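Visitor: Since the structure of chain A is provided, determine the placement of chain V on it from the hints.
2 protein chains.
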Amino acid sequence: MSRHGHIDLRTSMDGKYKEIAEELFSRSLAESEMRSAPYEFPEESPIEQLEERRQRLERQISQDIKFEPDILLRAKQDFMKTDSATDLDQAPKELYPERELVVEREYQRVAISGEEKCGVPFTDLLDAAKCVVKALFIREKYISRSMQSFCRTTTRYLQEELGDVTVHPPVSETHPYEVLDPASMPPGLGYACKMLDGVVHVYTSSELDLPYPDLQEYIADMNMMMALIINGPVKSFCYRRLQYLSSKFQMHILLNEMKELAAQKKVPHRDFYNIRKVDTHIHASSCMNQKHLLRFIKRAMKKYPGEIVHVEQSRGQTLLEVFESMNLTAFDLSVDTLDMHADRNTFHRFDKFNSKYNPIGESILREIFIKTDNHVEGKYFGHIIKEVMADLEESKYQNVELRLSIYGRSRDEWDKLAQWAIKHKVYSDNVRWLVQVPRLFDVYHTKKQLSNFQEMLENIFMPLFEVTVNPSSHPQLHLFLEHVVGFDSVDDESKPEHHIFNLDSPKPVNWTEEDNPPYSYYLYYMYANMTVLNHLRRQRNLNSFVLRPHCGEAGPIHHLVSGFMLSENISHGLLLRKAPVLQYLYYLAQIGIAMSPLSNNSLFLSYHRNPLPEYLSRGLMVSLSTDDPLQFHFTKEPLMEEYSIAAQVWKLSSCDMCELARNSVLMSGFSHQVKSYWLGPHYLKEGQEGTDIRRTNVPDIRVAYRFETLCEELNLITQAVRSEELETVEEQGSLCMGAGR
Amino acid sequence: MSRHGHIDLRTSMDGKYKEIAEELFSRSLAESEMRSAPYEFPEESPIEQLEERRQRLERQISQDIKFEPDILLRAKQDFMKTDSATDLDQAPKELYPERELVVEREYQRVAISGEEKCGVPFTDLLDAAKCVVKALFIREKYISRSMQSFCRTTTRYLQEELGDVTVHPPVSETHPYEVLDPASMPPGLGYACKMLDGVVHVYTSSELDLPYPDLQEYIADMNMMMALIINGPVKSFCYRRLQYLSSKFQMHILLNEMKELAAQKKVPHRDFYNIRKVDTHIHASSCMNQKHLLRFIKRAMKKYPGEIVHVEQSRGQTLLEVFESMNLTAFDLSVDTLDMHADRNTFHRFDKFNSKYNPIGESILREIFIKTDNHVEGKYFGHIIKEVMADLEESKYQNVELRLSIYGRSRDEWDKLAQWAIKHKVYSDNVRWLVQVPRLFDVYHTKKQLSNFQEMLENIFMPLFEVTVNPSSHPQLHLFLEHVVGFDSVDDESKPEHHIFNLDSPKPVNWTEEDNPPYSYYLYYMYANMTVLNHLRRQRNLNSFVLRPHCGEAGPIHHLVSGFMLSENISHGLLLRKAPVLQYLYYLAQIGIAMSPLSNNSLFLSYHRNPLPEYLSRGLMVSLSTDDPLQFHFTKEPLMEEYSIAAQVWKLSSCDMCELARNSVLMSGFSHQVKSYWLGPHYLKEGQEGTDIRRTNVPDIRVAYRFETLCEELNLITQAVRSEELETVEEQGSLCMGAGR
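Protein chains in written order, with the working numbering: chain A, 41 to 781; chain V, 41 to 781.
In case anyone wonders, no lab produced these hints; they're calculated from the structure. As the structure is a computational prediction, the values presented were derived from the model and not from experiment.
A pair holds if it fits inside one copy or across any two, identical chains being indistinguishable in the list.
Within a straight-line C-alpha distance of at most 20 Å, the following computed SDA-like cross-link-like pairs (lysine to any residue) qualify:
id, residue 1, residue 2
1, 331, 734
2, 170, 160
3, 331, 437
4, 465, 434
5, 691, 649
6, 331, 315
7, 436, 335
8, 234, 547
9, 676, 438
10, 331, 313
11, 331, 687
12, 342, 369
13, 676, 431
14, 691, 644
15, 676, 437
16, 288, 747
17, 331, 369
18, 715, 216
If we strip away everything but chain A, and leave its shape as in the complex, we get (with noise of 0.2 Å):
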């Protein structure tokens, strides 16, 4: 333009403005700050070069820790064998030869040194300990008692106080459904059962010792939690402990990250892609997303339009006719007329967000597509998630928990599920079952379904022990529960709760107001009932139980107590993050905890507000879960959805994520054989002895951390309590007696 009247524009202002520009310009210069990287182009950056040789140099040192040549060799072969997604698992067995151990003992340690370790004067340290010490005497009881697996490196700083040993019952196997053949059943014993106050005996001639904690027992231990937790100076020495664990690891990863890295890189083959992950909270009616929902219902529409699924006033519906009755065409439908997305809306809102589970807002298409029991005997249900089934079987490395419901309404709940699911051979290697009982008794009970709580128990609980005396009085059900791993329960924990469970509440069978039971009371008969049955299944060699309830999503702290007293682990544990003591005793005892960060995010805590990441670096058991991928999730993988989201906003590392999945399979509820082969032989031993980088790609350093880190927080402990053991024999005595027997 150079060419066109553009001569007036270098006149009147224009060297003010030049000047400011300048100004500004030069200012620019100040402020941006020294570095330095070619784009896309980086052969020249001495940071390069430096990169480079970093990399040599780990793959040096790695050549140093090398398998025996010939299996290597062999791998390689097999490996040229199959095609590039060959995995180790394929690979012979002896390609994991017993661990020379080498394993990574040397990184950069934090010790602390001098008098009072922790921080605080001993007399504080001593009432804090016992306190702890305590509480998980409490915790030990009642998960041994129940069969459940309690943290073989705290039990054996325990030990030392007390002499029981916690013993492995049975769990169940992953295996297909065998054919249907009562003969082939164990033979009936003939014992009858009957529920006293809502927990059930047994008997032959005289009553069976199947022993539990009995209500007395209960009462007086939760009592002793709840005073232990708001007792001020145990608070703030849990709370000092907590955030010293976090400082100890952001030390730990400023040392070692790197080591880390380079140990993930040294493992051939192995990486966060394909180590085992267990998805250890997800319900069944919203396991899969809702694009694969949708094709699924217009699929069946298109299928099936002219079948009977519903019986409205004794009159058979057909699909199309339940459509047209809605105005709606297969074509017509989206994902938006679906509307089972969870949104802005549902913030606080668990009772909106329940409403989204009914496809269209229509329950009766919940009823037809994601119920076991409907008019088509669950025939959809089933089949979509066998679907489900066959991509995470695919997908071969993730694996899932999934929720079915037991209501309790009825006796027949359990015959039901089992035909449902022996029927359409719903079954997969990769998946196996929780059991999850709603907390509704209210609901039924206004709707005169039930007349008082102890009939729901017995619902639940009557025909698990007819089965167990005599399999072949349900013979399905018999198989069904082989492949049950335990029991759930749920409901909004944020509900009021108008009662106050202690040795003065109504017996269950007396139980006929209104008003819901609270948690503790629902989670107490559960464990109750469990405990007797776990016995009667261990004498008859059968797979026991473990309670996993929903716990600490919101409501009441107390819930989280009942949860450390009675479940094996627990779903969510949101708010352990204001309850310090408790979250200290959740590390202590290693309570696995399955999170669902964007669950939470949908209905109780924004994402980035979620104490995940905090938990993590303390040390907690914690594991990632996608609770509903109908409402939640938006790919075809959700859970690697929900990895790969908490990854990128709380900047995990590659090492942070592995060691989450190793978590999910620890806690998860698959057969020891299946784990063995997931985590390595050793697995169940203590630290670095029991991991395997090979198979979790987890670095033994991470492993060792955490071991070390336990053991000095245990010892602290235990040893302050014993230190005036003589002292107080008696006082020390009864309270083992009290606490310990």
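Guide: Leaving out everything else, chain V in the frame of chain A:
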């Protein structure tokens, strides 16, 4: 256990415990808020019935808006034929009848009344308005001169000021490369091209008139812009307006959210999953995720171990040898060894981040696998890109604009690149090319590859002029260019700039110093040459190009000024959050901003502080892009992952998501024909007439709100200026002369 001595427990402090416990329980009762919601069993709760009724109502309403029945019928039949994933696009075109304008005009509007509508005294408004209009004129001038497109609505308001119209030049079409037949190409014109002062001039006997704003003009305008954006009153005015736009949007949402949602549900078949999305900022060399690249490398090592892939001192190295030299086997490889994922250490370390482009930290692997110009002529890179293309075509709704690099080190780069694309037939309907030019003159200069900056410019632009003047001189390049949308300018913006661009700056031919020219220097010369080139190509009716640089990711603010003046749209624009005047101008001019929060999160700004949600609420033309799936993403669907995380962390509604997707198509370089197919035939029309919810799933209400708000804003500004035009004809006049002509 009632039988075994627990009695000692119910003693001592027990009473006290009970007391405390009860106290606690009752307190927790008080705390728990009133809520109610049965879990997984909603039929009973009133809200259920409410929701159901609401939904029924909505559907009833939706019945009112109907298409011609016969069309609907055909569509259904059509649908019944094809599978459930069917999409309207397969259905007959008539499915989109000329839209009977039953468009949603009714919604809750926010209106401001009274004097001084904008909340500032008129004089302030006046000064601010003048500056803003000045700035818009400047952009309008540069954009129209370079044949890039300028927001129609804004133009309309400006046109009443000055009367020239922006014309839409032919842009690149999507179609496979045709057979290479020089004869069929446009004839050579025998023009001569010569670069003077960094800009190409074209001659026959005399010089052709291919106008471009010359250096003086650019400097003058830039200085004026710089002065405007730091003018105090203007700053606070723009800030107020932006705040106003935010809160106005919040109100709009509160009042119309439900209505928007209902509108989306009304649309048959369409949802977020099946609307078109364009990844408007993604680099070809990292468009595959790590797992994909890993698998590809492993496959390559199995299939072509013996292929010579690299020449080290005139000695050929086979793929096998390359890996042996690194002590690695395909079997050993894992994502960890690959080590290409951004991590905590890349935050604010663009250099470290760049080094991550090297698989296993080895630049040689990068050369072999993700470069177009290497010993195997980019064969592997071609293949992997084609795999990515296949995935995109399968996904059907996801499209990308991939960046390929031209460095400007030698004249034959363009021919090599074109040859690569055409030889390996690297083409997909879902993919458009952009060419990125790294700002690396200083690097090449120190390596003695370039003696002055003009050489770099010549290497970049001369071939483009030659092929335009005489296509058969570079036949492959001629074909390739038909698929190129425009130019990107890339590098770490946070690198310090030691030079201020003004009239005293050395001309390109004299730029021989160590230092790199500043950002604005690069951008101006790219712009100027592109402008001349576009005029020349227009004369030949060939597609023209646009400028879409990385801009405002980091570094000094004035990058965003150059971007505002010279480019059709930009990538990143993070720093607009610190420059209210510019942000307001980017809004008024509706300049596309392709944002990549996950990339920013790893490099410059942690996720929850990203300004995207703020920009979106204010109505800036933002879209979501992945930038670098190889380094930032985990799942197989990086773009969906990007959307999912944004939706979760920022609680975006389905409507927000669809608006983002629509923006991405609008700002993309796909052809007019394609866009009219994706967005609706009238997408170029302003406001509601331009939109079609049946294709974009964006409710008319949302589009209307955006349009009306923009008009109000532009009106406020232009009215103010016009109001005093009379008094100051000449001043205004000269201004228009200066800025407008």
